[in-house]
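K.L.:
Sequence:
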Amino acid sequence: MNSLRTAAASRSLLAAMVTRPVCLASVMIARRPTTAVVAPRRLGPGLGLVVRTKTTKSALHLQMNAKKKADAIAEREREMERKMEEAKVLGERLYLWNHIQANHVLWSTTRELRANKSLRQVQFTGKKNTLIKIRKDYWRPMATIQFPEGEGAAGLSVYQKLVELKKRHELEWDDGGEEAKRLLNLTKKERGRELNDQKGNTVADMAFVLGGGGKGNKVARNFEEIREWREKISDDMKKRKELEKELEELEENKMKLEDTQREVQRKVKDVTEEEGEGEGEGEGGGEDMEVKETKKIAKVKKQIEEVKKQIQELQPLEEPVPVLHKVRVFWANELDHHFAESWPDNVEHVLGLPEDDWTNEDLEKMIANQERLVDLHAVLAEKKLAKREEKAKLKEQRAAKKAKKMQPFLPTPEGETGWKSRPRAPKPFTGKAPKWAKEGL
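Counting with mature numbering (1 follows the signal peptide of the UniProt record, and there is no 0), you get residues -25 to -1, 1 to 416 for the letters of the sequence shown.
In case anyone wonders, no lab produced these hints; they're calculated from the structure.
Pairs of lysine-lysine residues, derived as DSS-like cross-links and limited to a Cα-Cα distance of at most 27 Å, are as follows:
id: 1; residue 1: Lys190; residue 2: Lys214
id: 2; residue 1: Lys366; residue 2: Lys379
id: 3; residue 1: Lys141; residue 2: Lys92
id: 4; residue 1: Lys274; residue 2: Lys220
id: 5; residue 1: Lys142; residue 2: Lys164
id: 6; residue 1: Lys277; residue 2: Lys214
id: 7; residue 1: Lys141; residue 2: Lys190
id: 8; residue 1: Lys368; residue 2: Lys358
id: 9; residue 1: Lys163; residue 2: Lys141
id: 10; residue 1: Lys229; residue 2: Lys284
id: 11; residue 1: Lys359; residue 2: Lys164
This one's a predicted model, so the numbers in the text were calculated from it and none came from an experiment.
Let the hints inform the model, and build the full structure from the sequences given.
P.N.:
So, in structure tokens, the structure goes:
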């Protein structure tokens, strides 16, 4: 009897499993290390299923979750502090990188060359001439610009101008001149290589920008004073244009009034000559008009004098002499700074890169890897050349073989017009006489 009841209970539970699978999923769960299982019981003798009631999270599980959250918050705070420290010194050093093969140049505000930011400086210079990815084994540190401590704003200003000048060199090369004509006469591939080689232009741009060149350059200590002077000059120029326009209008008005005055005098003179008896009336009316015109002319002349006086007061102010920050430029190769014709007095050149950025071991390892890479490229180029020569040789052999095969079909050297034909095997005799034999030919 008990077995029948157990079987009936199993069948009813299986029917519930089929009709309500969601309920079963909420009841049957897998056991986890951090889960407390309460009162497990079996469904039936042959099913092997275990029904588990609703579980509760243990105190250990809650403690581990709280620790993970605390660790994540602490890591986030450390990351924020690191970024804030980097932001304080951001711009105090600028790093210039050079490509060992194509002489590309890239600017960076950090010691590491970050591909996602560096690729933004790469411009399209032609198909298969543009960088599509940054491989660190192809790039070598070329120079480092160091600004005084706490002058990161000046460094970021210089960085912005140097990146912009590099972009203009690569995109605005066809603005006329002998250099543009020379580049236009090159092939696309050669022109792309020339545009990629920005090493000399970049060094010349460094000398220009570090000397205070460019609008809004913060390498000058009295940057605010220069900016105010430029704003004042701009406002004065606008005001001067307005006053000059007003002066032109007054001069034109004055000329019209003088013409009107001469016309009135002429009419008064004509009237007085024609009317002898009414001389007094005509003369009095003409004199009134003449007096009015004279007063108008005097008023306009006074306005003209005032405008001229205002223009004279707008004399250009003396341009303030920029006081430039002292800047140090560290060179990996002392010959590179000779690409610029001259350097400003505030720039100091130092041979060798800063030791706190790169040690001699790092540089030696980098140079050794790059020399090995150059040797590998040379070996690959030799293999490619040998393969090309082998292909050319095979092509010649195939052409000679084909010519030999076609020799029977070529004209004879004696100048015959006929063509040689290959000797064909005679057809086997079938026992039948040919048609011409039957006809008696």
